[in-house]
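Asker: Heads up: the sequence lines are chains W and A, in that order. Mapping of the first sequence onto the numbering used here: position 225 corresponds to residue 235, and the numbering continues sequentially without gaps. Mapping of the second sequence onto the numbering used here: position 170 corresponds to residue 176, and the numbering continues sequentially without gaps.
Be aware that one or more of the hints could be misleading.
What the hints assert, rightly or not - Pair ranges (Cβ atoms, derived): (1) A/28 x W/327: 44 to 54 Å; (2) W/221 x A/45: 42 to 52 Å; (3) W/173 x A/91: 40 to 50 Å.
These aren't lab readings, by the way, just hints derived from the structure by calculation. Everything numeric in this text was worked out from a predicted model, so none of it was measured. Every residue gets a Cβ at the ideal spot worked out from N, C-alpha and C, and that includes glycine.
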Amino acid sequence: MSETLTAPSRAPLGRRIKRFMADRPLVPLIILLVALVVILQIMRPGIVNERWIANTVKFAIPLAILAGCQTLTMLTGGIDLSVSTVATMSAFVMASLAGHYGAPAAIVIALIPPLLIGLLNGVGAGIFRVHPLIMTLGTGLIGAGCLQVYQRSVIATGTKIPDFLTWLGTGLTYGFPNALLLFIPIAALIIFTLSRTGFGRLLYAVGDNEKATRLSGVLYGQVIIALYMASSLLAGVAGLLYVGLIKAPSSLSLAEPLLLPSVAAAVVGGTSIFGGRGGYTGTIVGALILTVLTTLLTILQMPEGARRILFGLIILLVTAAYLRIVEDR
Amino acid sequence: MSRLLRRNGWVAGLLALFAVLLVLTKIIQPGYGAGDFGSLARAGLPFAFAVAAQAVVVIAGGIDLSVASMMALTSVTAASMMNGASEEYALFVVPFVLAMGFVLGAVNGILIVVTRVPDIVVTLAMLFVLQGAALLVLDAPGGAAAEWLKASITGTLPFPFLPDAVTAWLPNALVLLVVCLCVVWIPLKRSRLGLSLYAIGSSELAAFRSGVPVARTRIIAYGLAGLFGAMGGLSLTMSTGIGAPIPGPYLMASVAAVVLGGVVLGGGRGGLLGPIIAVFVLRLVRTDLTLMAIDPNVTSIIEGAIMVAVVMFGAFIAIRGRPA
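Bound-form chain W, shown alone:
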């Protein structure tokens, strides 16, 4: 192995770097992340310190969890556009019940509506074969409506965020965000599921060639239902965490601004929107990149419009460059 590498007739350097990156898709992403941080440090010397890193991680975590929903569903060639509604839903239901029933019961109850929406998504996409984009869009609309009706009925009780969620969302322990306590197990579970379990392999298989997986006896409907329920559950958890971070329990559009970035994070992280290719580690780095990028654009003190333009262009540029690196062999 080392002999071939040091052989005189080796490929030109550029070609080898490209091949190296294509084999390890994570490397260019991490380089980009580091580059962004360095640019930030040059523009505002001293901004990159422990507190800043902890803050960035804190804000990237809810995005990363929601982007996890997109990653999982995109692996099968789907997408889940109901995540923002689901996250808002679980957060609001929890906040409205916490005062009355106590935090643990409220959290458990708050995760029921996400599961129902996930079930509906799964049945629609898996059994009735509705395009996931449409299905999740529709259930998102239904969920938002239900939430508004529900809000009317509990408007008198007020909302409350349990101290535990505030601690989890905003707190730091030895400089590390407490949210990592929740995120690391979730991330480990997703990565383990995708790479080591049969279910994970089924997701890749379904996304790669649905017909072949059906013919080889996979119960497509069940896989999809389980997938969308898992995705909704994740979104619900992300909502609970996010409300602890943002502290706006009565907002009915709490997680709405995270919807499109969650899709972007998964795509930037190298997950193919057509299915069958990608993974969660890339998505995590993608979520970090987007969060750092947002900070960077805020610091530039440009008008809001110019910031959005740059954000859009950079997403496009990164995705295009990434595809070129990974696919041109």
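Chain W is already provided as a structure; the job is to place chain A on it using the hints.
Answerer: Showing chain A alone in chain W's frame:
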């Protein structure tokens, strides 16, 4: 043959649904008349253009998430150009904005073709870009619209040879919509280009192998979507008299109505007529629910449920109808 029948059957079914809803509206609110129908047409106008834009792209096998932002950008551009300008100046503004819409839409298409990034991602990125551009043009709702533009979508058109009772049900907004769409769509659909649109939507590879210029057709499809989006933006400015930089709920609505209108996501099937009728069906449902004094929040539940139910039903029929 049977596919043709089914496709037309879908449009006919929608028309029947629309008629049933009109009758229902008349029952709920006996006073519902031509004037209310006019305001329905006016309210549905931006939605109809958004849906037309989405339909063209979906037929060609893509999807355009930037529709609502395109409408916001063209709307604020028109409103800020007409602000304080003479009435005649608007004659120049309208073609300019339409051309801008076409070019920006074509940029979508060019980016998709050149970068080979999936269409969802490109148009998602363009959503941010166009939205940002709209904020740069106007950072708060403002601007103005020429009086003759505003007047062109109110009232009714006096057709000769037709009794007043009939023309009362032909609001200007509806006439404008039909004219705008027909001028673009009918020549297109009969041309080689129209055939190519359906061809690349139905099978890109087959289209490519039979000599269809896939890249050029795709760019034109997105350009047309931009053109319809610009029409939608202009109609927004026309009906409100100002331009608002924050996109309205047109993205979700356009996808919903496109699917409801019988255009298959994935491309190659459907037309413009179905989605346009679907828009008015959805608008009328909303009117009915308001007239029935139902909580407006329940309305969005019902809208979502209709969308999901209809699509599930359609998918169910497709599964049944497929040769085993």
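Asker: So which hints don't hold here, by number, going up?
Answerer: Violated hint (a single one): 3; every other hint is consistent with the structure.
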